[in-house]
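Colleague: Quick mapping for you: the protein sequence lines, in order, are chains A and B. For reference, each letter of the first sequence is one residue, going 714 to 807 in the numbering used here. For reference, each letter of the second sequence is one residue, going 714 to 807 in the numbering used here.
None of these hints come from the bench; they were simulated from the model. Heads up, a few of these hints could be off.
The list treats identical chains as one, so a pair stands whether inside a single copy or across any two.
Pairs of lysine-lysine residues, derived as BS3-like cross-links and limited to a Cα-Cα distance of at most 25 Å, are as follows [said to hold, decoys possible]:
#, residue 1, residue 2
1, K806, K790
2, K807, K790
3, K768, K793
4, K795, K768
5, K795, K724
6, K790, K768
7, K807, K795
8, K724, K793
9, K768, K805
10, K781, K768
2 protein chains.
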Amino acid sequence: MAEDNVIYIGKKPTMNYVLAVVTQFSMDEGKHAAVVIKARGMSMNQAIDVAEIVKSRFVTDTEYDDIKIGTENLQNKEGKNKNVSFIEITLKKK
Amino acid sequence: MAEDNVIYIGKKPTMNYVLAVVTQFSMDEGKHAAVVIKARGMSMNQAIDVAEIVKSRFVTDTEYDDIKIGTENLQNKEGKNKNVSFIEITLKKK
Numbered sequence: 714m715a716e717d718n719v720i721y722i723g724k725k726p727t728m729n730y731v732l733a734v735v736t737q738f739s740m741d742e743g744k745h746a747a748v749v750i751k752a753r754g755m756s757m758n759q760a761i762d763v764a765e766i767v768k769s770r771f772v773t774d775t776e777y778d779d780i781k782i783g784t785e786n787l788q789n790k791e792g793k794n795k796n797v798s799f800i801e802i803t804l805k806k807k
Numbered sequence: 714m715a716e717d718n719v720i721y722i723g724k725k726p727t728m729n730y731v732l733a734v735v736t737q738f739s740m741d742e743g744k745h746a747a748v749v750i751k752a753r754g755m756s757m758n759q760a761i762d763v764a765e766i767v768k769s770r771f772v773t774d775t776e777y778d779d780i781k782i783g784t785e786n787l788q789n790k791e792g793k794n795k796n797v798s799f800i801e802i803t804l805k806k807k
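Build out the structure end to end from the sequences listed, making use of the hints.
Modeller: Shown next as structure tokens:
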């Protein structure tokens with residue numbers, strides 16, 4: 714899957730990401746018709762909220778193709794390694 | 714699946730729930746050998762952390778059988794309805 718199909722959840726309000734996912738779906742019409750929502754650590758809650766809002770209110774002809782969770786090893790500001798959980802939610806057109 | 718196989722994530726430290734899941738697996742030996750980790754709203758992050766820690770460090774012969782996300786309609790203290798996302802992670806012995 715192309716990288717431009719991925720929406721990374723950061724520190725913006727939930728509705729910003731909902732809009733980003735909806736826009737991605739409308740641009741992809743007839744191409745891949747799938748969007749991956751990715752988040753790490755404290756943003757994982759929000760990734761789930763974004764996916765649920767898109768699916769129930771905006772692009773209702775979608776379903777979850779895959780939900781993956783795992784652990785990534787990251788370096789923090791002090792150069793120390795830290796394990797951080799991540800989630801990847803693949804939402805696709807039915 | 715029996716209800717006693719479900720661990721609900723609340724406001725305790727992550728390691729309390731890790732221990733609860735590990736204990737559940739050790740009690741279930743030979744019975745169902747699967748534990749469901751459930752969480753709502755802000756606790757969903759922690760549910761993912763708990764699952765990842767159990768799987769990578771404590772009960773390493775497990776895999777994700779199912780990861781489900783969805784929305785529940787709850788009543789808050791003021792009696793208003795509110796949509797809250799949830800996650801259900803099923804971890805089972807390989």
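Colleague: Output the indices of the hints that this structure fails to meet, ascending.
Modeller: 1, 2, 6, 7
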